[in-house]
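Novice: Which chain is which? The protein sequence lines are A and B, in order.
For the first sequence, the positions run 1 to 264 when the numbering used here is used.
For the second sequence, the positions run 1001 to 1251 when the numbering used here is used.
Think of the hints as simulated: they come from the structure by calculation, not from any bench.
Hints may be right or wrong, so weigh each one.
[Stated by the list, open to error] The following label-pair restraints were derived from C-beta to C-beta distances:
(1) A:K71 <-> B:M1111: 56 to 66 Å
(2) B:E1119 <-> A:L189: 42 to 52 Å
(3) B:I1087 <-> A:A12: 53 to 63 Å
(4) A:L189 <-> B:R1089: 26 to 36 Å
(5) B:R1089 <-> A:L114: 30 to 40 Å
(6) B:I1087 <-> A:G179: 36 to 46 Å
Glycine included, every Cβ here is placed at the ideal spot set by N, Cα and C.
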Amino acid sequence: MSRHAAILAADASAGRRHMAMVAAVLAVAVAALAATGFFDAERFADAWPAVRQISSEMFPPDFSRWQSWLKPLADTLAMSIAGTALAVVFSLPLALLAAVNTAPNVAVQQLARLLLSFLRSVPEIIMGILFVAAVGFGALPGVLALGLHSVGMVGKFYAEAIEHTDPRPAEAARAAGAGPLQIIVSAILPQVLPQLADITLYRWEYHFRASAVLGIVGAGGIGFELIAALRLMSYDQVSGILLAILACVVAVDATGAALRRRLR
Amino acid sequence: MAVAGLGVRFGSGVVALGRVDLEFAPGAFTVLLGPSGAGKSTLLRCLNGLATPTAGHVLGPDGTPIARRLRAHRRETGMVFQQHQLIGRLSAMENVLIGLLGQRGGWRALMPASRAERERALDALDRVGLLDRALTRADALSGGQQQRVGIARALVQRPRLMLADEPVASLDPVTAAKVLDLLARICREDGITAIVSLHQVDFARRYADRIVALAAGAVVFDGPPERLAQDDIARIYGSSPTAAVSEEEYA
C-alpha cells in the first residue's frame, strides 16, 4: 500500500504543477484583459445608448439597392477565387521548402520559414494600400493583396500538414529507389491532399470576407459599397449589405463542404 | 450470457453474422476462432452493444436483453481491443481510470477521479505487473505493456464478463503468449466469463475451455479444444489445409 501512496503522491504533485501552469496562463489572460480596459464597467455602460441607436437604425435592413450589389458581389467572388489561386500556386512550393521533412537543407528551410513569416506579418490592408498605389483602384490590387498575404498563412499550414505525414510510406518509396521529388509527389502529397484542400477551401471562404474589408482602401468589390454606405451613415443599407455578404459566405462554405466530400 | 438468432447485416448488404445461437457458461474461457472477416469481431461487439444486431437478441447473464439495460451491462463487461485503444499522451493510470467512467453517474461524471478510484486503478495495474509504470505515458510503453494497460482498464471495472477482440494480433508470438497467459489467469482467478477471439489455432488449443469457430458468419465448430481435429481446422480456414498449417507455424 505504501507503494500506492508514493505513486499517488508523485501523481498529485505532477497534477499541482499542471494546475500552476493553467493558473499562470489564466493570470496572463486576465492581466491582458485588464490592461486593455475590459474591466472598465463605466465604458460599457456608456456604450449602451450608442449601441441601441445604431442597432435600431440598422433595422430593418434596406435591400432596395440590391441590383447594384450584384456586380460588386460577383467581383468579390472573382477576387476571392483569384486570390486563393494565387496563394495556392506560391504556397505549395514554399511549403515544401519550409517543411522539415521535404526541405533540401536547413538553410533553405529556415529561409522559407522566414519568408512565410514576413508575408504573414504584413497585414493585407497594408498590402492593399501599397498595391492600390502601384496598380490603381479596382479588383486587381485586392487580388494581389489577398493572394500574397495568404501565401504566408497557407504556406505555413501546408508545411505543418506535410510535417505531420507518416514517414513510413516515404521510407517504402525510398527503399524502392525513388528520388526526393518522386517521394514528395508519390508518397507524401497523397497523404495530405485532403488536408491541403481543407486549408485551401477555408482560405477561400476567408478571402470572401477579407475582400469586403479591402474595399476600404479602394480595392473593389462589395467592400466598396459597404464603405460607401458606412460613410453615408445609412446603417440600414450597411446591415443589408452585411446580410448579403453572409448569404454569399454561407453559399461559398456549402460549396467548399461539397468539394471536400468529393476529395476524401 | 447468450445470443439467440443473432444476425448482423451491414448497410452495404454484407452479412456479417447469420442467425447465430450460442450460450456462454459462467466462468468459462471461450475462444472464438476463424479467419478475418468470419464475424468474430461483429459477434464480440454485439455482446456489449457496440454493434447493433439486425436480427435476434443478445441476452445478459440475468436472461434479459442487454439492450434494455445497456449502460449497466457495459459497466460489468470489460473489453480488450486489438489496437489497445489507449490515449497515448495520458499516463497508464489515467488510461485505466477510463474503465471506471461507467461507474460514475450524475454530477460526479465530469469530476476528477477520487483517491479510492486511483487506488483501484493502481491495484489493476499491479495485477498486470505494471505498477512501476503507472505514471508513464501510454505511448512510451511497449506493445505488450500497452495491451496489459488495456487489460487493466477492463479489469478495474471488476467485470463479470470479459470480451477480448484479437487481443494479441498485433504482438509478437512471445509477448502474445505472455499477455494471453495473464488474461487467462486473471479470468480464472476471478471467475470472469471470458470470450476471446483469436486467429491462432495453437493459442486457442492452449487456453480455451471451449472453442467456437466461425466461418462466413456461421458457427462451423463448437466444442472443447481436444475435439478440434485437423479437418475441422481445414473447414474453418477454407479448403486448403496448408493454410491452416502455416497458421499454426505462425503461432
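Novice: Against the structure shown, which of the earlier numbered hints fail to hold, in ascending order?
Specialist: Failing hint: just 3.
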